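> Read off the chains here:
Protein chains: 2
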Amino acid sequence: MAEIIRAAIAGYGNLGKGVESALLQNPDFSLEAVVTRRDPASLQPASGAKVVKESEIAALKGQIDVLFVCGGSATDLPEQTPRFAELFNVVDSFDTHARIPEHFAAVDAAARKGGNLGLISVGWDPGLFSLARLYETVVLPQGKDYTFWGRGISQGHSDAIRRLPGVLDARQYTVPIPEAVEAVRSGQCPELTTRQKHKRECYVAAAPGTDLDKLTEQICTMPNYFSDYDTTVTYVSLEELRTQHRELPHGGFVIRNGHNGPEGKYRQTMEFRLDLDSNPYFTGSVLAACGRAVVRLSRKGETGCRTILDIPPALLSPLDPAELRREFV
Amino acid sequence: MAEIIRAAIAGYGNLGKGVESALLQNPDFSLEAVVTRRDPASLQPASGAKVVKESEIAALKGQIDVLFVCGGSATDLPEQTPRFAELFNVVDSFDTHARIPEHFAAVDAAARKGGNLGLISVGWDPGLFSLARLYETVVLPQGKDYTFWGRGISQGHSDAIRRLPGVLDARQYTVPIPEAVEAVRSGQCPELTTRQKHKRECYVAAAPGTDLDKLTEQICTMPNYFSDYDTTVTYVSLEELRTQHRELPHGGFVIRNGHNGPEGKYRQTMEFRLDLDSNPYFTGSVLAACGRAVVRLSRKGETGCRTILDIPPALLSPLDPAELRREFV
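First to last, the protein sequences are chains A and B.
Here the working numbering is used: the first residue of the first sequence is 15, the next is one more, and so on.
Here the working numbering is used: the first residue of the second sequence is 15, the next is one more, and so on.
So that you can see chain A by itself, here it is in the shape it has in the complex:
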């Protein structure tokens, strides 16, 4: 049995609950606390963990080995992860790809200052898909890779619809286009536009009296979110939306079509695929495993920031190296 890892979770939304649930599946973890900006009395963690007010988080110093920072990437994590990294080893799921370099730099500086180790941008994309892109590219340097997402709920796109006047609630599914997927799987290395790769399906509950034609047009022409895609809008009742579309499924795949051998005559295809009933519970499970590696590397004296590309895979497992060689190699 591996040594017990004392953990805390900051933020008790979908992802925080996902991490909590994952820790319960991993007996080498002990969840010491859930940290919240809300009134602690308003939270009843499923695990029974104690609830700590965020303003008192420093009291956990010395009591935990790793903190899972489960805020949102837009505004929470850029501020929280560096701040917490001065106090604790941290793991987050920062997923704004373009801002990863600056987030890395901020967490790196804070973690070094505190003598801690931070691991950022963990989950499946970024995270496992980052790993897939790397392994596929190093093995097949001559080739082209494709990432498809879905079928699954995009929270950002759902939120964008929710902000429109007349919308009571909405869910947006990102859907890979089968013809594009087939062309890639068959090894044709097609050049695909944004519109050719994915379509967007919106389910919307609108307030009575809303001009639905106008709302549909507002959605379909929204720049950055929908204007570059073929988008369908289906109006449903609030009840139907909240019963038939209540879960957060997702998935997707990273595929690389490469060539090697004499004159590149051999086509070699690598694919990593996820099919997820629940995005936040899956993401939480990735964070949990990564927390184990962070604690081990920290105990060896490592400090600063890392991504999953830096983590020796064996450190993610509770098994010792000899067991791993027997059971996994």
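Derived from the structure by calculation, the hints contain no laboratory data.
Since the structure is predicted, the reported quantities are computational estimates derived from the model, not experimental observations.
Wrong hints could be hidden among the right ones.
Which copy? The list can't say, so a pair holds if one copy fits it or any two copies do.
Derived DSS-like pairs: lysine-lysine, alpha-carbon spacing no greater than 27 Å straight-line [stated by the list, open to error]:
#, residue 1, residue 2
1, K279, K67
2, K279, K64
3, K75, K64
4, K213, K67
With chain A held as given, fit chain B onto it using these hints.
Relative to chain A, chain B alone:
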């Protein structure tokens, strides 16, 4: 540009040629020599590399950073890899799963004695499939994983047929059974027997006058190789065998059906899949990338034996960490 890595290849069969071809796709490698037990004058490496007699391999000491050991797992590698690991950093593709612990121990002792680093059992299974099994299991500790191989040529099974009297040549394809694959992909977590997972298709060129009914029975009842499978035998001419079945395609996938969330209510599926026109050229490409990581870890002072589970993924790439974060995370 990364620092140049000076490499040599021991053994110039299919895999050795695959490594040579892969090194040509990776401009940070320089192939210094091909090492052979044959008459050096009989080899003309495609890359133009010089050929060194194996008995003179010690002369390469100080001239190369890593040696790719490309012999067979049955008798070559158990003897060669430890012997060479005393002299050089080494990478091999040892694939007899049950004997990996003892091979690891032998290479570990020899590499430590020589102050070198060895990486064993690299390729796709063991290798990339080992990684897939590990990543899938750490993320979804509650679940069941399945490995399917094929459709592809099994050299071991082809050789087993070739040893039978009356056989001029043979190729054996391992074929996953579609119904089993479907059951697994649909998340049913079925219990599958050996016979339910794969079938074996044999193409055999027999000598004139051979009793084909008897030969078919000999093949299909051969213990360890065919008796536990549904096997078909098709007789073809030697010419057809060598033109229609001359390549060495392979592939397969590792899939894990896991459950997490409250009461394990969410089904989460992870899959890593390969579809390869050429098994040895793909395997050679995996070895090449791993050689880069071995040299980097050796330059940091690491010695002993490793498997791919121990290797930080970022070290497989010629790019520096900041580039990797920008392009892959």
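> Checking an output row: K279 and K64, CA cutoff 27 Å. Within, between, both or neither?
Classified as between: cross-chain Cα gap 25 Å, same-chain 60 Å, threshold 27 Å.
> Are the CA atoms of K279 and K67 at most 27 Å apart within a copy, between copies, both, or neither?
Neither. Shortest intra-copy (61 Å) and inter-copy (30 Å) distances fail the 27 Å Cα cut-off.
> For K75 and K64, with the copy left unspecified, which applies at a CA distance of at most 27 Å: within, between, both, or neither?
within (15 Å within a copy, 61 Å between copies)
> Between the shortest in-copy and the shortest cross-copy C-alpha distance, which are at most 27 Å for K213 and K67: within, between, both, or neither?
Neither, since 42 Å and 60 Å both go past 27 Å.
The structure is inconsistent with the numbered hints 1, 4, although it conforms to all the rest.
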